[in-house]
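Just so you know, the sequences run in chain order A and B.
Using our numbering, you'd call the opening residue of the first sequence number 1 and step up by one each time.
Using our numbering, you'd call the opening residue of the second sequence number 1 and step up by one each time.
It is worth saying that the hints were derived from the structure and are not from the lab.
These figures come from a predicted structure and were not determined experimentally.
Mixed in with the good hints, there may be bad ones.
What the hints assert, rightly or not - Partner residues aside, some chain A positions facing chain B, computed with beta carbon under 10 Å:
| # | residue |
| --- | --- |
| 1 | A75 |
| 2 | V76 |
| 3 | L83 |
| 4 | V84 |
| 5 | E85 |
| 6 | T86 |
| 7 | P87 |
| 8 | L89 |
| 9 | P91 |
| 10 | H92 |
| 11 | I106 |
| 12 | D107 |
| 13 | G142 |
| 14 | G149 |
| 15 | I155 |
As the list claims (entries may be wrong) - Quick list of the computed label-pair ranges, beta carbon to beta carbon:
| # | chain 1 | residue 1 | chain 2 | residue 2 | range |
| --- | --- | --- | --- | --- | --- |
| 16 | A | P91 | B | A189 | 27 to 35 Å |
| 17 | B | W177 | A | L74 | 23 to 31 Å |
| 18 | A | L18 | B | V125 | 54 to 62 Å |
| 19 | B | V252 | A | D218 | 35 to 43 Å |
| 20 | B | T247 | A | M192 | 31 to 39 Å |
| 21 | A | L74 | B | T144 | 52 to 60 Å |
| 22 | B | V252 | A | Q198 | 28 to 36 Å |
| 23 | A | H25 | B | A189 | 48 to 56 Å |
| 24 | B | V68 | A | G183 | 55 to 63 Å |
To be verified - Take a look, some chain B residues computed to stay more than 10 Å from chain A by CB distance:
| # | residue |
| --- | --- |
| 25 | Y64 |
| 26 | L118 |
| 27 | E199 |
| 28 | A203 |
| 29 | L236 |
Ideal Cβ placement from N, Cα and C applies to all residues, glycine included.
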Amino acid sequence: MTSLAIQTEALTRRFGSLAAVDGIHLEVPRGCVYGFLGPNGAGKTTTIRLLLGLIRPHAGRMRILGGEMPRQRLAVLRRTGALVETPSLYPHLTGRENLEVTRRLIDGRKARVHEVLDLVRLQEAADRAVKGYSLGMRQRLGLALALLGEPDLLILDEPTNGLDPAGIREMRSFIRALPQEMGVTVLMSSHMLSEVEQVATHIGIIHRGKMVFQGTQDALQARLREHLSIGVEHPEKAEWFLTTSGWTVHRNGSDRLYVPVNGRSDAAMINRRLMDAGHNVYNLHLERASLEDIFIEMTGQEEAA
Amino acid sequence: MTGMIRALDAELYKLRRTLALWLAAIAPLSVVALQVLVVYQRRGMYLNRGGNAWIWFGEAIYPYWTWVALPLFIGLQAALLAGLEHRTDQWKHLYALPVSRGAVYVAKQAVGLLLIGLNTLCLVVFTLLGGWLLQVVEPGLGFTWDVPWARLIRFGLGVYLASWLTIAIHIWVSHRWKSFVVSMSISVAASIFAMFAAESRLALLYPWVLPRLAAETFSTGEMRWAALAVGSLAGLAFVVWGCRDTTSRDVV
Chain A
1 MTSLAIQTEA LTRRFGSLAA VDGIHLEVPR GCVYGFLGPN GAGKTTTIRL LLGLIRPHAG
61 RMRILGGEMP RQRLAVLRRT GALVETPSLY PHLTGRENLE VTRRLIDGRK ARVHEVLDLV
121 RLQEAADRAV KGYSLGMRQR LGLALALLGE PDLLILDEPT NGLDPAGIRE MRSFIRALPQ
181 EMGVTVLMSS HMLSEVEQVA THIGIIHRGK MVFQGTQDAL QARLREHLSI GVEHPEKAEW
241 FLTTSGWTVH RNGSDRLYVP VNGRSDAAMI NRRLMDAGHN VYNLHLERAS LEDIFIEMTG
301 QEEAA
Chain B
1 MTGMIRALDA ELYKLRRTLA LWLAAIAPLS VVALQVLVVY QRRGMYLNRG GNAWIWFGEA
61 IYPYWTWVAL PLFIGLQAAL LAGLEHRTDQ WKHLYALPVS RGAVYVAKQA VGLLLIGLNT
121 LCLVVFTLLG GWLLQVVEPG LGFTWDVPWA RLIRFGLGVY LASWLTIAIH IWVSHRWKSF
181 VVSMSISVAA SIFAMFAAES RLALLYPWVL PRLAAETFST GEMRWAALAV GSLAGLAFVV
241 WGCRDTTSRD VV
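Here chain A stands alone, though its shape is the one from the complex (with noise of 0.2 Å):
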């Protein structure tokens, strides 16, 4: 049995002209939370469709839990459970029918209705209709249908879209428990880089439909550079002086200057230069970068931030 539950060959989806997902790599190791990250438009749910047989790609191979797609679509979406963007859900039936008529149609357990119902947190409202539920309820009505037939894979697609602080850390809480407690593993798309870095133990990075990064969060972490943050007066001959002592220093639109450096050695050498030079340091601080940062690093996507 292969160790990764998705493994993806240079899929590829185009439309018309325009390749939304071009060549990709894939590869999500089982019992792992995956973050798909990209910002909206880079191919996170052409790609999700096409992982679920919605639509079918020009090229390229998938395997999911060690079938082929398309070819054993029935076989692989058996193991599978998915939400894709905003819940498909029945309004005018209450959220226990709306589990009812999946589970009629996959042919799932009685008895798991009323367990997704627990899980989720819903056996409250179980009996009311969906039109009267909030978003929150609606999104964990949603988490309940990918999860009733009682899945290998799930598949979510910006499953934090829409919910309030909240429902985020609820929703977040919920899918880090899924490997460990059910031995689920979690592929979970989102353009929000904070929500992901908090989920996943593994991320890959989509721009423009092709992958810029693909490895553990610690191997993400690895490639991040400490910043220096310095506060200090007359900020613009401060930025001259460093810049000319080649260092690279970024403003970041504000009063701060912002200089990658490798560690405290560094910092404690720019202070001592700064203070000889006769600028006056302020305030002196070590930033580790943020997951938003090797983002715009690496795919120089400023308005991402």
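With chain A held as given, fit chain B onto it using these hints.
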């Protein structure tokens, strides 16, 4: 086959509390009720008219039903059925489940056929109830127990089978286009054109005329087998074609 049965079971389940289900009874009820009111208001014209009252009562209802109400009802019903999925973008959920797309499509077609079948049955039952109600309020109208059962059954079966092609076309149209307007526009335009097409020698080739031709059995007592055969067999063939077309499309 089991996938097909599961899909049909799910389709029937989701009809709970929907307008589509209620319409199956409301549409024929409103047509019969209207005719009952007309007969009652003009009862002077019908009193002691002679002949079988059930025949003239049916002849007053059924042409209107097959020309206007049924084609519009089929278009509306198909749009409501597909609208259940279009409204909240259910297709991506349905087609990401371990059930074949063909089973989902054919189940939708089967529910369409069942609803129109229920609808036709309701029309016949309400015709009987309407006649008996008129007999109670105005015994002179002549609605006796001498009900033309054979004609009623032939009418119901004939109209139902002849409308299969129209049902299949409308279910496909409402799957293919999300807009309610497309389905209803086709239904209205096709019904109007049917009035001209019915006079043509090629009437049998025009799907929306077939139920009208089949309905003639109520007056003549003779079954229009050709209309039944074309409507039902071409309807089944269209379901197969529609299934192939729907399952080959991307869900974007």
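Hint numbers contradicted by this structure: Nothing - there is no hint that the structure violates, so all of them hold.
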